[in-house]
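**Student:** Taken in order, these protein sequences are the chains called A and B.
Under the numbering used here, think of the first position of the first sequence as 45, with each following residue one higher.
Under the numbering used here, think of the first position of the second sequence as 80, with each following residue one higher.
No wet-lab data here; the hints were simulated from the structure.
Residues from chain A shown here face chain B by an in silico Cβ test under 10 angstroms; the list is partial:
no.: 1; residue: Pro485
no.: 2; residue: Ser486
no.: 3; residue: Glu488
no.: 4; residue: Ala491
Using C-beta positions, here's what the derived DEER-type ranges look like:
no.: 5; chain 1: A; residue 1: Phe426; chain 2: B; residue 2: Arg100; range: 54 to 62 angstroms
no.: 6; chain 1: A; residue 1: Leu371; chain 2: B; residue 2: Arg100; range: 33 to 41 angstroms
no.: 7; chain 1: B; residue 1: Thr108; chain 2: A; residue 2: Lys456; range: 50 to 58 angstroms
Far from chain B, by Cβ distances over 10 angstroms, these chain A residues were calculated:
no.: 8; residue: Leu314
no.: 9; residue: Leu371
no.: 10; residue: Ala448
no.: 11; residue: Val453
Keep in mind the model is a prediction, meaning the values are calculated, not measured.
Ideal placement from N, C-alpha and C gives every residue a C-beta, glycine not left out.
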Amino acid sequence: MIPYPSWLNAGDNTWQLVAATLVGLMSIPGIAVLYAGLVQRKWAVNTMLMAFSAFSLVLVAWVLYEFKMSFGSPLHLGPGILHSAVGRPGTITGAGAETGKAGIPLVSGTGAMPDFRFPQSTLAYFQFAFAAITPLLFLGSVIGRMNFRAWLLFVPLWSGIVYSVNAFLLWGGGWWAQAGALDYSGGYVIHLAAGTSGFVAAAVIGPRLARDRAKAVPNNLPMVAVGAGILWLGWNGFNGGDMYFGGQNAAAAVLNTNLATAVALLTWLLLDMFAGPQRKPTFLGAINGMIVGLVAITPAAGFVTGVGAILVGLIASVIVWLSWNKLGKLGFMRKVDDALGVVHTHGVAGLVGGLLVGLFADPALAVYYNKDGSAVSYAGLFHGHPKQLLLQLGAAGTIIVWDALMTFVILKAIGLFVKLRAPDEVLEIGDLAVHDEEAYPSEEGLAVVGAAVSAPVKAKEPVAEPAAEP
Amino acid sequence: MKLITAVLPASGFERVHEALRTLGIPGVTVTTVFARGVGRIHDEVYRGARRRVELQPAVRLDLVVADGDAADVIHVIAVAGVRGTVWITPVERVVRIRTREWGEAAL
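Given only the sequences and the hints, what does the whole structure look like? Please build it.
**Tutor:** Here it is as structure tokens:
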């Protein structure tokens with residue numbers, strides 16, 4: 045007997061499953077508790093349930109049709125980009141589809157990368173974790189007013205129509221991948237997509253109650269710390285797994301990811317201390333900087349050197365800090381109620397990171413190796429390949445236009461059947477009105493309704509007047 | 080001098096507080112309490128077990144005012160608030176610790 049076929053490598057398969065699990069942990073509990081801690085006390089339950097239900101919805105959609113739309117054979121819809129923009133939908137629930145060797149028709153069979161050394165279910169689960177976290181990220185834009193039923197419809201539709209195209213174009217061997225655009229781990233496919241879609245969704249659904257917007261203080265900062273920490277370390281799987289092998293490039297990507305994140309966190313902290321409105325270091329500012337670093341290094345992680353990673357962290361943190369503190373205060377930005385500022389920390393940061401790949405991608409950094417031992421790598425403008433920057437710009441433009449347009453269309457279509465925004469009287473109360481649950485229930489004044497659970501109280505002797513002093 | 084005490088639903092408290100500030104009342108003590116009759120009674124359900132919340136979080140406001148102001152303050156609280164209760168108790172003596180002022184001068 046042998047445990048597995050000869051094309052399978054236990055090390056690569058193990059790392060990929062661990063990486064996939066790390067990415068999954070970023071969603072639940074990572075994003076769930078990060079956002080639950082950041083929202084008003086009355087919305088924590090709603091936020092967590094939206095996260096957990098979206099995670100489940102995407103997995104079901106993923107195995108039934110979406111994985112094939114993202115990584116399957118192309119569906120030829122027309123000339124140019126339409127020729128390879130999305131895959132043919134199909135299931136991956138059969139024995140062959142789960143245990144057979146992994147493959148992406150337009151990528152793995154074409155000499156663009158080495159043959160996979162793990163089964164299709166590993167690839168599918170790993171990529172699912174990325175598909176799942178994307179709606180969870182833009183959940184931060186629409187919390188505190190989106191109708192829960194509309195969310196249950198929006199997530200599978202958005203994921204099937206928008207995300208699968210993003211993924212196919214850049215990772216499934218679609219038009220932008222063929223052209224040479226790079227997205228190491230989802231700066232565009234995930235973060236630019238989440239920032240764009242979240243902003244549009246926030247505009248279409250409408251703002252929170254004015255009183256909620258004015259009083260939107262976070263309810264639990266230690267919980268934010270827990271979620272943020274899980275995100276940071278979970279990102280080792282996010283960026284460490286995307287070249288699909290437990291090799292030298294995964295190791296460099298993990299180190300670069302942490303380096304850029306540390307630099308971005310410190311940059312934001314120092315900007316808050318010396319240029320911010322309060323001139324004080326703030327915890328939530330540092331967490332913003334951390335997320336910016338993680339997001340910005342995502343499209344670049346294994347394409348740049350350590351120096352590149354430091355520069356990506358520094359530049360992205362400064363730009364997003366300005367976007368958050370200056371651009372975010374402008375009239376048209378304030379009109380759209382992007383509750384947690386996802387458009388800055390994910391949209392702008394993902395865009396900046398993706399463009400910086402076009403500058404800093406370093407051909408000395410081996411992604412794979414040719415048979416003769418020479419490195420397979422990529423070069424940006426600073427390494428003699430200016431066209432890379434144009435490719436990065438073009439891919440970003442495609443993602444922004446497609447995601448904004450389709451998010452708008454999907455929400456308008458759902459709005460014909462279900463109210464996108466919960467009624468004001470529900471918004472006044474929050475979790476209790478939507479779920480009959482609250483995040484921090486009080487034990488005061490509770491009475492069990494229905495079956496009697498307490499023993500009947502035995503009648504006591506009446507208290508007698510004390511006898512008069514003799 | 081009079082001690083004015085109000086127990087108000089947490090959600091309506093903001094408006095009352097704002098109104099008192101507009102009136103120029105300098106000091107007020109606010110306590111979070113649980114009370115019955117300040118809000119709608121609702122149920123919470125955890126894992127299928129339904130519980131009625133009969134006591135709701137409420138805000139208790141205490142402020143000491145000069146005899147002449149008491150009626151005005153009560154009026155403002157009643158107009159700005161929606162639900163809850165407000166009552167007046169006579170106060171014997173007030174001392175401002177920092178300045179050692181007594182009586183109405185200490186308010």
